[in-house]
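Go by the hints and put chain F onto chain L.
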Amino acid sequence: MIVELGHFALILAFCLALAQAFFGLGGAALRKPHWMVVTRRAVAGQFVMTLCAFLSLAYAFNVNDFSVLYVALNSNSQLPTFYRFAAIWGAHEGSLLLWLLILSIWTVAVAARGTHVPQITISRVLGVLGFISVGFASFILLTSSPFERLWPAALDGRDLNPLLQDPALAIHPPMLYTGWCGFSVPFAFAVAAMLEGKLDSTWARWVRPWTLVAWLILTIGIALGSWWAYYELGWGGWWFWDSVENASFMPWLIGTALIHSLAVTEKRGLFKSWTLLLAIAAFSLSLLGTFLVRSGIIESVHAFASDPGRGLFILVFMGSCVGGALGLYAWRASLFRSNAGFAVVSRESFLLMNNVLLVAATGLILLGTLYPVFLDALKAGKISVGPPYFSVAFLIPMLPMIFLLTLGMHAEWKRATFNRTRTLLVAAFVAAVVIALILSLAVYEWHSLLTAVGLIAAFAVALSALIEPVTRLRQGHSLSAGVLGMSVAHFGLAIFVLGVTTVESWHHDSDISLRPGQSTQLAGYDFRMNSIRDVTGPNYDAIESEVVISRAGKQVAVVHPQKRTYRVQNSPLTEAGIDAGWGRDLFVAMGEPLGDGAWSLRLQYKPLVRFIWLGALVMAIGGLIAASDRRYRQRVTADAAVRARHAETV
Amino acid sequence: MWRYLIPIGLFAALVAFFYVGIDRDKQTLPSPLIGKPAPQWQLPSVEDPAKMVSSSDFAGKPYVLNVWATWCAECRHEHSALLAIAQRGEVPIVGVDWKDDRDQAQRWLQQLGNPYVANAYDGEGRVAIDWGVYGAPETFLVDSQGNVVFKHISSMTMEVWERDFLPRLKGNGTSR
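From first to last, the protein sequence lines are chains L and F. Using this note's numbering, the first residue of the first sequence is number 1, and each one after it goes up by one. Using this note's numbering, the first residue of the second sequence is number 1, and each one after it goes up by one.
Looking at chain L on its own, in the form it has when it is part of the complex (with noise of 0.2 Å):
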């Protein structure tokens, strides 16, 4: 009963969605301001429809109802409560389920926080993220039904995936779909503005804590995602390249472009159809993105046989908001031409370049990811792509742009001289080049020509970034949350840089096959595999060693790695026994028995590991900081006067 009162919720949740939408976007064409205000009422209650078809299904998974085919397909009554939550986004329909939730709190958000907009102007945003709403809940509703009943109800249900059975990847969905669905709203923003054909840096100023934050969300997501992917698939990889990385990975590359442009635009009233296009190109990806994810389209060709209605939906749906905005574009883009000129030296340029590698990298993953599909409609097939071109593909125009930072963070608007930093920058850049070599020569060995420019290229970001914020405090100046922001993201990047050179450079593993009471080396430790035992977990069952680390005689850790065998869908998983520490990982994954109590371990050494997800949390730190700035907050006063002369002309 609860849950068909929660697929009857999802469809008046769809319904109010299409009044916010109709209302939203009617009501500003046609400037009448009670329908404004009816699509306010719509956002509400299209949030609290959809937050109780998502706590139906929630009811359904926490009381086992077996008779509901989703919670049979994605649940067990001995899954742990914690992971029957997170069962809900397990699969494809829930998922989407969560997506429409997280839409409509950003969409309460930006109604909320949004008063100091002109009515007209959050009309139209809030018309055109209700236009999504609408697109999601149909979909939901006609192809990807979570509340679909089982008749006769199955006696137990099929379990999650264990792969997902962890707490990391119990809260990395959400997290990524709440940064792919905010780029939604500077998405929205950018149709109001085409719709409005006024675009200024009051506009920017809106839009740019908004991005941020999505921004920010997503890189915490991404990073959770890559963590995850390091400690519980056994092979001790924090990124693949594979389709559904990449797919989280693009928007973001956009949605950074996107902060980026948004500041010239705020400053200078620059860049303006630039920035429109990187706000439509970062929500089409996450919409690509949420898709490929679930959906398989690119993994399986075949995904959508069973279903091809699925696949014509989205590419209809995606068809008419992606192009829609893009036709807007093409019609409206003239109207946001601006005549101000800058140097070629000055910090415009170093932004624009920053947006041009960003969109290069972008569009090189792109084609990579899609390449199956493309040679498939072509019939031809004769390339591959694995992560051998990623690597490479990224970095060609990455590497440049990192050494490109540490000058743009300090040019001059217009015209750069750099009068006032130069002779630090050039301090900073010597400084690095000898702390990189210090590294490479001594505390490690040297590896290669490319190791040693990519630890010039985090040091010389790191003390640039510093420069700001150290000499400012040290004349007594204050320092704004925007420039602060910078600095702390940027620091963060080389923080990651540092940590993605050194782990790649100097890891070190080895196989081996380890009795208990035998012991091997590597990279100066000493593993000793203790014993072996049986285990026993809520829903699986475990092999666990214990493996005794030291070194020069001392213990440094104890780890037990195991060999799980979930009993529902019968499928192994591998627990990696991790040490974990700031300057290396100690990583320990069980293999195989190989008889006689011997078993095949994989032993890792990763120095600077924590480093990747550190500098991913510093940066995100930094968006926070700068959507926090004073210029972003409702100024009351002025805001309350610009109301009031809307509220005339309307």
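Because the hints were derived from the structure by calculation, they are not lab data. Since the structure is predicted, the reported quantities are computational estimates derived from the model, not experimental observations. Each hint can be trusted.
Coverage of chain L stretches by chain F, computed from C-beta distances (three or more under 8 Å per stretch; other residues unrestricted):
1. 311-319
2. 324-330
Far from chain L, some chain F residues (derived; all Cβ distances over 12 Å):
3. Pro44
4. Ser45
5. Asp48
6. Lys61
7. Val117
8. Gly146
C-beta atoms are modelled at their ideal positions from N, C-alpha and C, and glycine is treated no differently.
Only chain F this time, still in chain L's reference frame:
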């Protein structure tokens, strides 16, 4: 201002590709190899570069050819199904390790188990080109006459095995 039309033009092209892709899927595009003799090949084995594995080793009996790589996430996903199929012993599975790192491939087999009767190492992807492979994993069924009977793209599952492979394998067994 024609240049403002460029984005929507690119997008339209993309949508067209997707549309053709979806449309194709409904008819399950057969490989041009289906019904034709399987390409002849000879490659060093994954385990031992000095040892050669060649198509003639399997002539006269049906076999399954599975293209995989350690960098391919779906291959990891399908590995348990391959192990289960190998255990049933209905047909030998021959692996082609595609554009891969030999050490990593050996490690993979050690760690995840080895469903293959033989595993060829196609480091440059030359043999895979003859087979028209454009992604991993792909799985082919070759009959006792040496003809390609079926090709499956993406992850192998027990469902696919019972639905698409087993009937063709049995048909092959009884007619001869």
